Amino acid sequence: MLILTRKIEEEIKIGSDVTIKVLSISEGQVKLGISAPGNVAIFRSEIYEKVKMVTIEASESCTEKPKDLSKLKIRKISDEDERS
Amino acid sequence: MKIKTQLFGEIEFKEDLIIKFVPGPIGFEQLNKFLLIKADDDIFYWLNSIEKPEIAFPLVGIRIIDDAFPEERNFEPFGIVTLNSDVLKITVNLKAPVYINQISKTGFQKILDTDKYPIRYNLFKE
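Each protein sequence line maps, in turn, to chains A and B.
The first sequence begins at 753 in the numbering used here and counts up by one.
The second sequence begins at 10 in the numbering used here and counts up by one.
Isolated chain A, as found in the complex (with noise of 0.2 Å):
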């Protein structure tokens, strides 16, 4: 791993179009601003993950496949809504 120390306003390129910009340091909190273009996906990684954790066990839920739906109702989002 390299590691870099950077003070607040500098930044950090990786390749020629991704820049990361430290903004704000506080107690244990860094504040980053990234510069990428559009089809760069950038993510959190403990919730990119979990995502990825989820996806898998979905592509392997295929066969789990209950056979009769018939008598069950969709949850709606609004359902929520209406409790709260």
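Be aware that one or more of the hints could be misleading.
Stated by the list, open to error - Listed next, the in silico DSBU-like pairs over lysine-lysine satisfying Cα-Cα at most 35 Å (straight line):
id	chain 1	residue 1	chain 2	residue 2
1	B	K134	A	K802
2	A	K828	B	K42
3	A	K804	B	K47
4	B	K47	A	K783
5	B	K114	B	K98
6	A	K802	B	K11
7	B	K23	A	K819
8	A	K804	B	K125
9	B	K13	A	K823
10	B	K42	A	K825
11	A	K825	B	K114
Derived by calculation from the structure, the hints in this document are not laboratory data.
Since the model is a prediction, treat every value here as computed from it, not as a measurement.
Given chain A, work out where chain B should sit, using these hints.
Chain B in isolation, oriented as in the chain A frame:
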């Protein structure tokens, strides 16, 4: 073209039905070609990989769950479903929807920058 799927056995299709994902779904970025299959007896769609036909993702159209779901111009939002033999444990990933344009035959997955939509949303209620 022909592929051997896990769910529907061998299926034959015309190349112009291929939906391109560049990159592929999260965790499967190397998979770029899919078929969107709809069995007519229920609400599920299947996004079946052409490069690795043994891999398929169950999908559900998110419009049936939420009218106000974030839109992408000309694309239809789908949620990847984790099936379960216990129907009340079936969940949909609403945090990272798959958007598909069935005309231009392109698709992409996006992670929404909001906490409104959970990764595991229970699809059915009694």
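These are the hints, each one checked on the structure:
| no. | hint | in the structure |
| --- | --- | --- |
| 1 | B:K134 x A:K802 | holds (24 Å) |
| 2 | A:K828 x B:K42 | holds (31 Å) |
| 3 | A:K804 x B:K47 | holds (24 Å) |
| 4 | B:K47 x A:K783 | violated (44 Å) |
| 5 | B:K114 x B:K98 | holds (31 Å) |
| 6 | A:K802 x B:K11 | holds (33 Å) |
| 7 | B:K23 x A:K819 | holds (30 Å) |
| 8 | A:K804 x B:K125 | holds (19 Å) |
| 9 | B:K13 x A:K823 | holds (32 Å) |
| 10 | B:K42 x A:K825 | holds (33 Å) |
| 11 | A:K825 x B:K114 | holds (31 Å) |
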